[in-house]
Amino acid sequence: MFKCIGCGKEGGPIEFVMYLENKSRDEAIRLLAGPNS
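Residue numbers (this note's numbering): 1 to 37.
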């Protein structure tokens, strides 16, 4: 879980990667799954 104090955005690991890396939901899931998935 994360919560940005600056903008108030919050969520789980998928939303964190989407926000931090500017990725779509599918791209974030693939990134979290790793190269062998």
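In short, the hints are calculated from the structure, not lab data.
Built from N, CA and C at the ideal position, the CB exists for glycine as well.
Fair warning: there could be bad hints in the mix.
[Unchecked claim] Quick list of simulated restraints, FRET-style, between CB atoms:
#1 Ile5 - Pro35: 20 to 26 Å
#2 Asn36 - Gly6: 31 to 37 Å
#3 Asn36 - Cys4: 28 to 34 Å
#4 Ile5 - Asn36: 32 to 38 Å
#5 Gly8 - Gly34: 25 to 31 Å
#6 Arg30 - Met1: 20 to 26 Å
#7 Met1 - Lys23: 14 to 20 Å
#8 Lys9 - Gly34: 20 to 26 Å
Check your understanding: Which numbered conditions among the earlier hints are violated in the structure presented, ordered from lowest to highest?
Key -> When the structure is compared with the hints, only number 1 turns out to be violated.
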